[in-house]
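Chains as they are written, first to last, in my numbering: chain R, 1 to 114; chain C, 1 to 110.
Hints are computed from structural coordinates only; laboratory data are not their basis.
Possibly wrong hints are sitting among the right ones.
Here are the simulated BS3-like pairs of lysine-lysine, each with C-alpha atoms no more than 25 Å apart in a straight line [unchecked claim]:
1. Lys-105(C) / Lys-22(R)
2. Lys-57(R) / Lys-56(C)
3. Lys-36(C) / Lys-56(C)
4. Lys-70(C) / Lys-56(C)
5. Lys-102(C) / Lys-56(C)
6. Lys-105(C) / Lys-70(C)
This structure is a prediction, so every number in the text was calculated from the model and none was measured.
Residues per chain, in single letters:
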Amino acid sequence: AAGVIQSPRHLIKEKRETATLKCYPIPRHDTVYWYQQGPGQDPQFLISFYEKMQSDKGSIPDRFSAQQFSDYHSELNMSSLELGDSALYFCASSPRLADNYEQYFGPGTRLTVT
Amino acid sequence: GEDVEQSLFLSVREGDSSVINCTYTDSSSTYLYWYKQEPGAGLQLLTYIFSNMDMKQDQRLTVLLNKKDKHLSLRIADTQTGDSAIYFCAEVPGSYQLTFGKGTKLSVIP
């Protein structure tokens, strides 16, 4: 079965650079979520999109922005990177009308800021 | 994870049962989830329970829910070395995003 695809899997950037993370949801899933997991931490919700519109916003810094495109893939844009942005970034997708709100997670993008 | 609490570590011998506990705070959560994360890997949904259920069994996994005490537990029967991972409980408190606990690191001793 198709899963959530994230690219790249690993990314190394320097401070003050920008990064773009991509997420391709499971086919026919209309909702995408972004989470950030720092080292030894639990995943923290950043932002979500439903039908290409932002639906919820969590602890996403102003330096980050995201969008969902017409093909439902999503991109997380991160600017003025800081050392503290080093983390595992997960994308999850779900069909909004699923009864159990189940979210399917991608393998994550590991971002290292040096 | 400030609203969902878990003990951080659990060590069991192979073949024994493991019980991982979680306390959540939002009584409006309709579903509660258990996710497994192996080192360097993504989050795998293990099981979930609807809030009007007390228990759910799925092969070696048993989930118990005490809504009055807002307590959730995951029991893994016949724990194997492949079960070594971090286990997160999670709730959906009102809106659709997941709120995770800090995770319990399960170590299985051969």
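inquiry  = Tell me the numbers of any earlier hints that the structure contravenes, in ascending order.
reply    = When the structure is compared with the hints, numbers 1 and 2 turn out to be violated.
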